[in-house]
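Residues per chain, in single letters:
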Amino acid sequence: AQKVTQAQTEISVVEKEDVTLDCVYETRDTTYYLFWYKQPPSGELVFLIRRNSFDEQNEISGRYSWNFQKSTSSFNFTITASQVVDSAVYFCALEGSSNTGKLIFGQGTTLQVKP
Amino acid sequence: EPEVTQTPSHQVTQMGQEVILRCVPISNHLYFYWYRQILGQKVEFLVSFYNNEISEKSEIFDDQFSVERPDGSNFTLKIRSTKLEDSAMYFCASRRTGPGELFFGEGSRLTVL
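Chains R and E are the protein sequences, given in the same order.
Counting from 1, position 65 in the first sequence corresponds to residue 178 in this note's numbering; the numbering is continuous, with no gaps.
Counting from 1, position 100 in the second sequence corresponds to residue 98 in this note's numbering; the numbering is continuous, with no gaps.
In case anyone wonders, no lab produced these hints; they're calculated from the structure.
Virtual Cβ for every residue (Gly too), placed ideally from N, Cα, C.
The reader is advised that the hints may include incorrect statements.
Partner residues are not named here, just some residues of chain E that face chain R (Cβ under 8 Å, in silico) [what the hints assert, rightly or not]: (1) 29; (2) 40; (3) 41; (4) 46; (5) 60; (6) 63; (7) 97; (8) 99; (9) 104.
Can you build the whole structure from these sequences, using the hints too?
Laid out in structure tokens, this is it:
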């Protein structure tokens, strides 16, 4: 069975702090894909990143960075110098090798960035 | 930037009524999906659709649900006889290739009274 766990339900930080959102996944597939989405208060799901299981290089995009560790089945997301606009629910998701578009989502982490 | 658009943004209906949620995927995308999110919970897969047929569906997607691509642009989700527990945000998504970035619409909030 495939599963995604985001153990942090809520995180609160003060603006300009760095924050890391944890994601641990379970799958028996050797090929799989990991995603992060942002859900701001307005409700839409905003795509942030997709990573395949063969690419363990860390990725940086502006203030966002992702750390993929296959050995610990983790795909953590760090926001550097957080801003109030980063306040949202963040979802980690897993797609298995079938590529049918069936993403398994974690429960989400609510990030509140206070001014 | 191309985006997935959904209508209506919010629909209120009485239990037992039929509801159709509409989606216009990104124009060069070939794979289409519906997901739902019950308030405060995680996002759940409902169905995937490619080449005019369902590729995969979840156990949630029972006989009350159906999907259709009636023309070259729209992708619809129909719920035949709504139940209270169908109240949720329904997200349409699309992508160009099988393995690829999956883009979601802004969602349609369904409230069943």
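Hint check:
1. Given the 8 Å rule on beta carbons, the hint for residue 29 (chain E) holds: about 6 Å separates it from the nearest Cβ of chain R.
2. For the restraint placing residue 40 (chain E) at the interface with chain R, the shortest Cβ-Cβ distance is roughly 5 Å, inside the 8 Å limit, so the hint holds.
3. Hint status for residue 41 (chain E): holds, given a least beta-carbon distance of 4 Å to chain R, under 8 Å.
4. For residue 46 (chain E), the interface hint holds, the least distance from its beta-carbon to any beta-carbon of chain R being 4 Å, beneath 8 Å.
5. Checking residue 60 (chain E) against chain R: minimum C-beta separation of about 16 Å lies over 8 Å; hint violated.
6. The beta carbon of residue 63 (chain E) is not positioned within 8 Å of any beta carbon in chain R (closest approach about 15 Å), and the interface hint is therefore violated.
7. The interface hint given for residue 97 (chain E) is met, as the beta carbon of that residue sits about 5 Å from the closest beta carbon of chain R, less than 8 Å.
8. The restraint placing residue 99 (chain E) at the interface with chain R holds, with a minimum CB-CB distance near 5 Å, inside the 8 Å limit.
9. With 8 Å as the threshold, the beta carbon of residue 104 (chain E) comes within range of chain R, its nearest partner Cβ sitting at about 4 Å, so the hint holds.
The structure shown violates the earlier hints numbered 5 and 6.
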